[in-house]
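Asker: Sequence:
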Amino acid sequence: ADCDGSYSGGDYINDETDELWLYYTGNVRDGEGDGTTSGRLANQTLMKSYNGINLGGKEVVLDNSGYPAYCSCHVRDPKVWREDGSWWMLLGCRTMESHGCALLYSSEDGIKWEMAGSATNKDDENPFGYMWECPNIVTLGGKEFFFVCPQGVPSQMTKFQNNFNSGYFPVEGTVIDLLSGDPDLMDAEKPYGCIDENTFVELDYGFDFYAPQVFTDEKGR
55 ADCDGSYSGG
65 DYINDETDEL
75 WLYYTGNVRD
85 GEGDGTTSGR
95 LANQTLMKSY
105 NGINLGGKEV
115 VLDNSGYPAY
125 CSCHVRDPKV
135 WREDGSWWML
145 LGCRTMESHG
155 CALLYSSEDG
165 IKWEMAGSAT
175 NKDDENPFGY
185 MWECPNIVTL
195 GGKEFFFVCP
205 QGVPSQMTKF
215 QNNFNSGYFP
225 VEGTVIDLLS
235 GDPDLMDAEK
245 PYGCIDENTF
255 VELDYGFDFY
265 APQVFTDEKG
275 R
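The sequence shown begins at 55 in the numbering used here and counts up by one.
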């Protein structure tokens, strides 16, 4: 499932089983194709741990067959959480046309996943980067912020000096509601253009800051 390495992911403490569930992307190259449009498997993989040290077996819970046809072989970095009785997963993606986007999946048990939405920037002619990595959600003061790491955004004066950037889009309402507006899901020809790229806020204006992780500490910060 991950014989050619792994990409980042996240974990979730499953109170029902008293286990730590760890999700990550297993990377497999089959020796054919260019590794972007073909020849690569992106296996969203689950490992369980009862103590955070000893790990159980690997279980692929989502693979290439579960991604829309517009996706390239670059689909990774699962962010998993529970909300309103359901499991949710965000994935970063690069389309076959090299547009960065994010995919949303839902699940009843954290194992069987179905596509629930997608997002990319509204301008079809000018993608906001060719790949969106490390999607995440942060809630501050009752407002949600959609974090992504877009790769390949052209530099603009003092903005976007880092070719592999990191930042967030402020969201009206919730990220789930926004991405769930995708009308066609697996049958879509392209991801749902619901993000205004002009609202993107960089976390850092330097040239070497990438793929931060966001978490809540013991004080709720």
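Just so you know, these hints were derived from the structure itself, not from any lab. Just so we're clear, the structure is a prediction, and the values are computed from it rather than from any experiment. Possibly wrong hints are sitting among the right ones.
Each computed EDC-like pair below joins lysine to aspartate or glutamate, with the alpha-carbon atoms no more than 20 Å apart [to be verified]:
id : residue 1 : residue 2
1  : LYS213    : GLU251
2  : LYS112    : GLU151
3  : LYS244    : ASP117
4  : LYS166    : GLU198
5  : LYS166    : ASP138
6  : LYS197    : ASP138
Asker: All hints, please: hold or fail.
Answerer: Hints versus structure:
no.: 1; hint: LYS213 / GLU251; verdict: 13 Å, holds
no.: 2; hint: LYS112 / GLU151; verdict: 32 Å, violated
no.: 3; hint: LYS244 / ASP117; verdict: 19 Å, holds
no.: 4; hint: LYS166 / GLU198; verdict: 26 Å, violated
no.: 5; hint: LYS166 / ASP138; verdict: 17 Å, holds
no.: 6; hint: LYS197 / ASP138; verdict: 17 Å, holds
Figure legend: structure checked against the earlier numbered hints; hints not met, in rising order: 2 and 4.
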